[in-house]
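Visitor: Here full-length UniProt numbering is used: the first residue of the sequence shown is 1, the next is one more, and so on.
No more than 25 angstroms apart at the CA atoms, straight line, and that leaves these computed lysine-lysine pairs for DSS-like:
hint: 1; residue 1: K208; residue 2: K175
hint: 2; residue 1: K345; residue 2: K322
hint: 3; residue 1: K210; residue 2: K158
hint: 4; residue 1: K38; residue 2: K51
hint: 5; residue 1: K175; residue 2: K158
hint: 6; residue 1: K48; residue 2: K62
hint: 7; residue 1: K399; residue 2: K322
hint: 8; residue 1: K210; residue 2: K175
hint: 9; residue 1: K38; residue 2: K48
hint: 10; residue 1: K345; residue 2: K399
hint: 11; residue 1: K62; residue 2: K51
hint: 12; residue 1: K158; residue 2: K208
hint: 13; residue 1: K44; residue 2: K62
hint: 14; residue 1: K175; residue 2: K62
hint: 15; residue 1: K62; residue 2: K38
The set of hints was computed from the structure by calculation and includes no laboratory data. Note that the structure is a prediction, hence the values are computed from the model and not measured.
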Amino acid sequence: MNCLPSTKSPPSYCCATTSLIVLLDELIVEILSRLPVKTLMQFKCVCKSWKTLISHDPSFAKLHLRRSPRNTHLLLRSFRVPDWGNFDYSLISIPVSRLLESPSFMTHHRLYYHVKDITILNDPYYRLSNIDCCNIVGSYNGLICLSGASRNAAANYKDTWFRLWNPATNTLSEKFGYSTNLFRYTFGYDISNDGYKVVAFSSEQDEKVKVFCLTDNVWRDIPPFPVVPFGLCRSRFYCHPFASHGAYVSGTVNWLAIRNIKNMNEYEWNDISVNQFVIVSLVLATETFRQLLPPNGFVEIPPVEPSVTVLMDRLCFSHRFKGTHFVLWMMLEFGVQDSWIQFLKISFQDLQIDYGISDLLEYGSQLFLFPLYLSESDNTLIMASNQPSHAIIYNWRDKRVDQIKSLDNVIMWFQTRDYFESLVSTS
Numbered sequence: 001m002n003c004l005p006s007t008k009s010p011p012s013y014c015c016a017t018t019s020l021i022v023l024l025d026e027l028i029v030e031i032l033s034r035l036p037v038k039t040l041m042q043f044k045c046v047c048k049s050w051k052t053l054i055s056h057d058p059s060f061a062k063l064h065l066r067r068s069p070r071n072t073h074l075l076l077r078s079f080r081v082p083d084w085g086n087f088d089y090s091l092i093s094i095p096v097s098r099l100l101e102s103p104s105f106m107t108h109h110r111l112y113y114h115v116k117d118i119t120i121l122n123d124p125y126y127r128l129s130n131i132d133c134c135n136i137v138g139s140y141n142g143l144i145c146l147s148g149a150s151r152n153a154a155a156n157y158k159d160t161w162f163r164l165w166n167p168a169t170n171t172l173s174e175k176f177g178y179s180t181n182l183f184r185y186t187f188g189y190d191i192s193n194d195g196y197k198v199v200a201f202s203s204e205q206d207e208k209v210k211v212f213c214l215t216d217n218v219w220r221d222i223p224p225f226p227v228v229p230f231g232l233c234r235s236r237f238y239c240h241p242f243a244s245h246g247a248y249v250s251g252t253v254n255w256l257a258i259r260n261i262k263n264m265n266e267y268e269w270n271d272i273s274v275n276q277f278v279i280v281s282l283v284l285a286t287e288t289f290r291q292l293l294p295p296n297g298f299v300e301i302p303p304v305e306p307s308v309t310v311l312m313d314r315l316c317f318s319h320r321f322k323g324t325h326f327v328l329w330m331m332l333e334f335g336v337q338d339s340w341i342q343f344l345k346i347s348f349q350d351l352q353i354d355y356g357i358s359d360l361l362e363y364g365s366q367l368f369l370f371p372l373y374l375s376e377s378d379n380t381l382i383m384a385s386n387q388p389s390h391a392i393i394y395n396w397r398d399k400r401v402d403q404i405k406s407l408d409n410v411i412m413w414f415q416t417r418d419y420f421e422s423l424v425s426t427s
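Can you make the complete structure from the sequences, with help from the hints?
Guide: And the structure:
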């Protein structure tokens, strides 16, 4: 086989000269498809055919997505105030493996880990600073959906737009999906047509829902929520600060909601019963809703709102229990009620939570814990906390707790998303 591209045959991915051993193109693709993205980025300069394969071949990107190891990262939103009234926002990508090995990994921030000061390293390749889209909407297949907005004072509305960012390839899409209404957003993947969608729902309690399909480049209305999710309801209880963010899994976006509420604009938390909780699930392929129930073991109204999230590619439900424990449930088979299992039940004593800091908590005086990442092989759970700029790393095998707090930049842990590296294009 001729290793060099010719005008009469498809380009070869083998860059060796005739004096070297010729590798079959199939073998080269086989090897490259199993390498980390950062290594492939360096290999683009080997020859033109490799650059084309790595940067512009959708089939190879999908093959790499299936075969390469999932190098999971956490994407953090941070800010600092260099001048009075000015906010300097950044998006920082962090390998989870480095976090679990030692919390000394992040940017140039100094962190506090028990009584130890830690310097965190920064890789500018995986960082976005001072961009016009700093809100993290969601992630899938290595793509991060970001949103930005500007207020039109004359017309009294916000212009909102979106961009896709692939931190692994350091590429950013053009703006798309312009919207001029007050909506909240989430991001997901439609398995049926291999396309990405942005779901928007009104923040004015009118249950209106719209979907933007990136393949069609158009917004369209879909049926309203059968039950209004948390975050759109005004209540007098301690609400999770980002309750309206949907959880994407298995081609669906899921929100926690309360049914049979007479007045969605004002209700008392003490008047709610466990039987009113429901998970509203939007099937992206059909753009229709279904309703799922929380686990049967959820039998007591907690002092703060429970959370729905996705960990290890499974729908999870978490809540406080009797003011003494944090409980995490996992749905092993999506949509099957009997597949809920209690995955973890952690005492606050094991988490080393200091209740003397209640006056310092963000978003009210009640403690929030929100799961960000779960690794069964590492016996590790990473959680956001509403202690200012605070996160918890908990190892349930040896009950070790690492507490992380930024001393300069503010890390917005509740807006953290996990993703794995890929070659998927942003265009």
